[in-house]
Amino acid sequence: MISVLITLAVATGVGLLLRRRNGRFRRAVSSWPDAHQAVPGAAVTLLQISAERCAVCPQVAATLGDLAARTPGLAHREIRAEDNLDLVRRHDVLRSPTVLVLDGTGAVVARASGAVTADQAWQAVAPLLATSGTRDLGEAARAQR
Amino acid sequence: MPSADNSPRQTHAGIDPRGPRVGAVVTSLLLASVLVLGDRAAGRALLAFVVALFVAGAALGPARSPLGLVFRHLVAPHLTPASEREDPRPPRFAQVVGLLVTASGLGLALLGVPMALTVGAALALAAAFLNAAFGVCLGCELYLLGTRLRRA
Numbered sequence: 001m002i003s004v005l006i007t008l009a010v011a012t013g014v015g016l017l018l019r020r021r022n023g024r025f026r027r028a029v030s031s032w033p034d035a036h037q038a039v040p041g042a043a044v045t046l047l048q049i050s051a052e053r054c055a056v057c058p059q060v061a062a063t064l065g066d067l068a069a070r071t072p073g074l075a076h077r078e079i080r081a082e083d084n085l086d087l088v089r090r091h092d093v094l095r096s097p098t099v100l101v102l103d104g105t106g107a108v109v110a111r112a113s114g115a116v117t118a119d120q121a122w123q124a125v126a127p128l129l130a131t132s133g134t135r136d137l138g139e140a141a142r143a144q145r
Numbered sequence: 001m002p003s004a005d006n007s008p009r010q011t012h013a014g015i016d017p018r019g020p021r022v023g024a025v026v027t028s029l030l031l032a033s034v035l036v037l038g039d040r041a042a043g044r045a046l047l048a049f050v051v052a053l054f055v056a057g058a059a060l061g062p063a064r065s066p067l068g069l070v071f072r073h074l075v076a077p078h079l080t081p082a083s084e085r086e087d088p089r090p091p092r093f094a095q096v097v098g099l100l101v102t103a104s105g106l107g108l109a110l111l112g113v114p115m116a117l118t119v120g121a122a123l124a125l126a127a128a129f130l131n132a133a134f135g136v137c138l139g140c141e142l143y144l145l146g147t148r149l150r151r152a
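Read top to bottom, the protein sequences are chains D and S. Position 1, counted from 1, in the first sequence is what the UniProt record's numbering calls 1; the numbers after and before it change by one each time, with no gaps. Position 49, counted from 1, in the second sequence is what the UniProt record's numbering calls 49; the numbers after and before it change by one each time, with no gaps.
Because the hints were derived from the structure by calculation, they are not lab data. Only true hints are included.
Covered, in the sense of this in silico footprint (three residues per stretch, anywhere, with C-beta under 8 angstroms from a C-beta of chain S), are these stretches of chain D:
| id | region |
| --- | --- |
| 1 | 1 to 13 |
| 2 | 44 to 53 |
| 3 | 71 to 85 |
| 4 | 89 to 103 |
Only part of the chain S face toward chain D is listed, based on derived beta-carbon distances under 7 angstroms:
| id | residue |
| --- | --- |
| 5 | E86 |
| 6 | R89 |
| 7 | P90 |
| 8 | F93 |
| 9 | A126 |
| 10 | L130 |
| 11 | F134 |
| 12 | V136 |
| 13 | T147 |
Note that the structure is predicted; figures quoted are calculated from it, not measured. In this text, a Cβ means the ideal position worked out from N, Cα and C, and glycines have one as well.
Please model the entire structure based on the sequences and the hints provided.
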């Protein structure tokens, strides 16, 4: 009986921790700019790394793709983790999907993992689009609403 | 800006994501019962039944497994139609992981290793409960780690 309770308590702790982390963007610094991964012409690229066995990846891809389609200067690109193990190791990608936020030069400026929502992604990229100065942010904000 | 999506995923017929979730609830209850019964004949027999369910789930996939059929015929008719469909491969992979964990626990327990049944059932219960309560597929999270280690 006690083993059941301990197991469920530990699992609940892990679950709450994962839920809290889901989609939270953290600042990141990359010493390796992945210039070829950034979509040409985009001020910000959301690089989504998806494993083949991944339940939430299609949903995240649809959400981010939709946000990118509505936001000038923002691009979304999805790559297979299995085909890019080099990049997966270099950036210590542990969970699928992981979303790397790349600036125009391909440097990683932020990252998140798990079920990213449109709102979370927007909060992370809006300041970058503003400082990139190449786009009309008012238009971007209207597109978002 | 258009999405430069060189999408790695083919489209699948897809399953109702609530199916594996309901299956995880049933599996959690069974595994909790195994822990309560402990390492004796009844506990081992029930764990063997869970192993058999994982074998079926891994071999047949979530749509045609016994728990999948129970969901489709007994539970789904009482629910609103699925608003979204899910790739059946991640839950199937999770069944393989569950099979490895529970079969190891049962096998070692039969060989007389102390605590093997408890540890195996507890690990599987933690994973099934995470899926049932939080929708987290632990087997899927491990998949990427496994890929990295294999080709490291």
